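Chains as they are written, first to last, in my numbering: chain A, 34 to 264; chain B, 34 to 264.
None of these hints come from the bench; they were simulated from the model.
Accuracy of the hints is not assured; some may be wrong.
[To be verified] Pairs of lysine to aspartate or glutamate residues, derived as DMTMM-like cross-links and limited to a Cα-Cα distance of at most 25 angstroms, are as follows:
1) A/Lys160 - B/Asp215
2) A/Lys160 - A/Asp70
3) A/Lys160 - A/Glu97
4) B/Lys160 - B/Glu186
5) B/Lys160 - B/Asp211
6) B/Lys160 - B/Glu97
7) A/Lys160 - A/Asp178
8) B/Lys203 - A/Asp82
9) A/Lys160 - A/Asp215
10) B/Lys160 - B/Asp215
11) A/Lys160 - A/Glu214
12) B/Lys160 - A/Glu186
13) B/Lys203 - B/Asp61
14) B/Lys160 - B/Asp178
15) B/Lys203 - B/Asp82
16) B/Lys203 - B/Glu56
17) B/Lys203 - A/Glu186
18) A/Lys160 - A/Asp211
19) B/Lys160 - A/Asp211
20) B/Lys203 - B/Asp70
21) B/Lys160 - A/Asp196
22) B/Lys160 - B/Glu56
23) A/Lys160 - B/Glu186
24) A/Lys160 - B/Glu212
Note that the structure is predicted; figures quoted are calculated from it, not measured.
There are 2 protein chains.
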Amino acid sequence: MDSAAPPPPYPPSDLTVPTRLRERASYDRAVVHGILDDGYVCHLGFVRDGRPVVLPTLYARSGERLYVHGSTGSRPLRGASAGLAVCLTVTHVDGLVLARSAFHHSLNYRSVVVHGTARQVTDPAEKSAALDAIVEQVVPGRAADSRRANSRELAATAVLRLDLAEVSAKIRTGGPSDEPEDAALPYWTGVVPVTRGHGQPLPADDLDPAVALPGYLTADRPAPGAPHGAA
Amino acid sequence: MDSAAPPPPYPPSDLTVPTRLRERASYDRAVVHGILDDGYVCHLGFVRDGRPVVLPTLYARSGERLYVHGSTGSRPLRGASAGLAVCLTVTHVDGLVLARSAFHHSLNYRSVVVHGTARQVTDPAEKSAALDAIVEQVVPGRAADSRRANSRELAATAVLRLDLAEVSAKIRTGGPSDEPEDAALPYWTGVVPVTRGHGQPLPADDLDPAVALPGYLTADRPAPGAPHGAA
Numbered sequence: 034m035d036s037a038a039p040p041p042p043y044p045p046s047d048l049t050v051p052t053r054l055r056e057r058a059s060y061d062r063a064v065v066h067g068i069l070d071d072g073y074v075c076h077l078g079f080v081r082d083g084r085p086v087v088l089p090t091l092y093a094r095s096g097e098r099l100y101v102h103g104s105t106g107s108r109p110l111r112g113a114s115a116g117l118a119v120c121l122t123v124t125h126v127d128g129l130v131l132a133r134s135a136f137h138h139s140l141n142y143r144s145v146v147v148h149g150t151a152r153q154v155t156d157p158a159e160k161s162a163a164l165d166a167i168v169e170q171v172v173p174g175r176a177a178d179s180r181r182a183n184s185r186e187l188a189a190t191a192v193l194r195l196d197l198a199e200v201s202a203k204i205r206t207g208g209p210s211d212e213p214e215d216a217a218l219p220y221w222t223g224v225v226p227v228t229r230g231h232g233q234p235l236p237a238d239d240l241d242p243a244v245a246l247p248g249y250l251t252a253d254r255p256a257p258g259a260p261h262g263a264a
Numbered sequence: 034m035d036s037a038a039p040p041p042p043y044p045p046s047d048l049t050v051p052t053r054l055r056e057r058a059s060y061d062r063a064v065v066h067g068i069l070d071d072g073y074v075c076h077l078g079f080v081r082d083g084r085p086v087v088l089p090t091l092y093a094r095s096g097e098r099l100y101v102h103g104s105t106g107s108r109p110l111r112g113a114s115a116g117l118a119v120c121l122t123v124t125h126v127d128g129l130v131l132a133r134s135a136f137h138h139s140l141n142y143r144s145v146v147v148h149g150t151a152r153q154v155t156d157p158a159e160k161s162a163a164l165d166a167i168v169e170q171v172v173p174g175r176a177a178d179s180r181r182a183n184s185r186e187l188a189a190t191a192v193l194r195l196d197l198a199e200v201s202a203k204i205r206t207g208g209p210s211d212e213p214e215d216a217a218l219p220y221w222t223g224v225v226p227v228t229r230g231h232g233q234p235l236p237a238d239d240l241d242p243a244v245a246l247p248g249y250l251t252a253d254r255p256a257p258g259a260p261h262g263a264a
C-alpha cells in the first residue's frame, strides 16, 4: 500500500497563469511529466540582443530536471555558462476540432511551457548521464546499444540544465463547442484525430546484414506525441 | 514556356545565418514556402519584461505574409498594435537517425525560422481573409463549409501579420554519418521514419446524421508535416 501523498503541484506564477482559458491550465506534476515524456523535440526560446529567438532542439526529462544539448559553438549555449533565461515549450497536437462556426474551430492539444534559467552542466558524470537521457528520450533502449561519447566528443558537446519550477501545462480535449443557435447549420462537425507513428526502420547502406534489428525498434513502442495508453 | 526568373532567395542576415552546420541552411523561397505549407502549428516567441516566452499557435501563409491569430485579450496580441518583435518557428520531424555512436545520433527534420515585427491587422477585409486562410491551412476546403465569423466574433479576435523577409530554413535528410573507425561496431544503424496522419473523423454527438462527411475529409489529403509528394 502506498500511503505517500502525491507531490504538490507546481506553484502558479505571473509567468505561468494564462490571462484567458484558465480552465485549460494544469500545474499537476504527473500531467506535466506525462506531456514531457511523450515527446523529445522542444522549442527553446531565449533573448539575443533584445530580440526573441526560438529554435527546435532535443530534450530529455530526468526527474525535475530537463536537459538540452548542442554544440559548444552554438550561440545560445555559449552564453549559458552564466545562466540563460529561457522558455522551453513542448506541444503535441492530438486532433482537429471542426465546429460549425469558423470562430469555434480549435485544436485538441497538450503543451507544457517551462520558464527558467538554463545553466551549463559542468559535472562530467551529470553531463554523460544527460546525454544518455537524451538518446533514451528519443529511442528507449538505444543508449546502451550504441558507442558512448568519447572525451573529444564530450568536450564538443554542451549540455544545459533547466529545473522544473515555473511550469504549466495546457490541454484541450473533446469535441467542438458551437453556439446553440448554430446547431441546425448544415455543416459537418466533429474531431479529426491527428496520429503520429513510426515507419519501417531503414538500415544504413553500410550496415552489416548480420546485425539484426534490435528489439527496441521492433516492439510496439509508443509513437512520439501519442498520449500514454493510446493505440 | 515560362521564361520568368525564379524569385530571389531571402537575403541572409546576422539573425538567419547559423554559426554552425551552415550546409543545412536554405534561403530558397520555394523551400521555405513548402515547409510552411506542410504545417499549421508554429511556436511564436516574443519578449515580455525582458524574458523570452514561446507559445504554440496556429498560423497561415499567404504569399510572403504569415498570419497568426488569438484572443484580443491575450498578452502578446495586446502588445502588438505598435509592433511586436517575434521569432516564429515551424518544425517537422521526419526521421530518427540512429548512428553507431551516440554522438552522431540526429534527427531528419525541416524547420523554418522567421524573425520580424508582427503587427495587428486592422483592415477588415485583410483580417477576414487571414482568418479564412488559417482555417484553410489546417483543413483545406473547410473555410467555405463553415459559418464565417460575425462582427462580434471578429471584434474578439486579433490577427497579427508577419512579413517573410528575415527567414531561413534548415533541413537534414539522409542516413547516419558515423566515424570511419566505428564502421565495424555491432550496433544497428539507419533511420526510423516518423509518420504523421489523420484518423477516422469522429462526428460530434449532436451532428445531424443527414450531414455527410465532406469530401475534403475523405480525400487522400496530405498529412500535416508530411513532405509534399510523400506517401
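The hints, checked one at a time:
This hinted pair checks out: A/Lys160 and B/Asp215 have alpha carbons roughly 22 angstroms apart, not beyond 25 angstroms. Among the hinted pairs, A/Lys160 with A/Asp70 is consistent with the structure: their alpha-carbon atoms are about 20 angstroms apart, no more than 25 angstroms. For the proposed pair A/Lys160 and A/Glu97, the alpha carbon gap of about 16 angstroms is at most 25 angstroms, so the pair holds. Distance check on the hinted pair: B/Lys160 and B/Glu186 sit about 12 angstroms apart at the alpha-carbon level, within 25 angstroms; holds.
Restraint check for B/Lys160 and B/Asp211: not satisfied, since their Cα atoms lie roughly 50 angstroms apart, outside the 25 angstroms limit. For the proposed pair B/Lys160 and B/Glu97, the alpha carbon gap of about 16 angstroms is at most 25 angstroms, so the pair holds. For the given pair, A/Lys160 sits about 19 angstroms from A/Asp178 by alpha-carbon distance, which is consistent with the 25 angstroms threshold. Between B/Lys203 and A/Asp82, the direct Cα distance comes to roughly 22 angstroms. Compliance with the 25 angstroms bound is thereby established for this hinted pair.
Only pairs whose Cα atoms come within 25 angstroms are accepted, and A/Lys160 paired with A/Asp215 is rejected, the gap being roughly 56 angstroms. The suggested pairing of B/Lys160 with B/Asp215 is violated, with an alpha-carbon distance near 56 angstroms, which exceeds 25 angstroms. At roughly 58 angstroms between alpha-carbon atoms, A/Lys160 and A/Glu214 are farther apart than 25 angstroms, so this suggested pair is violated. Restraint check for B/Lys160 and A/Glu186: the C-alpha separation of about 51 angstroms exceeds 25 angstroms, so the hint is violated.
Distance hint between B/Lys203 and B/Asp61 is fulfilled; the C-alpha atoms sit about 11 angstroms from each other, no more than 25 angstroms. Between B/Lys160 and B/Asp178, the direct Cα distance comes to roughly 19 angstroms. Compliance with the 25 angstroms bound is thereby established for this hinted pair. With a CA separation close to 30 angstroms, the supplied pair B/Lys203 and B/Asp82 exceeds the 25 angstroms bound. The hinted pair formed by B/Lys203 and B/Glu56 meets the criterion: a straight-line CA distance of about 9 angstroms does not exceed 25 angstroms.
Of the pairs offered as hints, the one joining B/Lys203 and A/Glu186 holds, with about 23 angstroms between alpha carbons and a cut-off of 25 angstroms not exceeded. Among the hinted pairs, A/Lys160 with A/Asp211 is inconsistent with the structure: their alpha-carbon atoms are about 50 angstroms apart, more than 25 angstroms. This hinted pair checks out: B/Lys160 and A/Asp211 have alpha carbons roughly 22 angstroms apart, not beyond 25 angstroms. At most 25 angstroms may separate the alpha-carbon atoms for a hinted pair to count; B/Lys203 and B/Asp70 meet this at roughly 15 angstroms.
The hinted pair formed by B/Lys160 and A/Asp196 fails the criterion: a straight-line CA distance of about 40 angstroms is larger than 25 angstroms. Between B/Lys160 and B/Glu56 the alpha-carbon distance is near 38 angstroms, which puts this suggested pair outside the 25 angstroms criterion. Between A/Lys160 and B/Glu186 the CA atoms are separated by roughly 51 angstroms; this puts the pair beyond 25 angstroms, and the hint is violated. Using a Cα cut-off of 25 angstroms, the hinted pair A/Lys160 and B/Glu212 holds, with the two alpha carbons roughly 22 angstroms apart.
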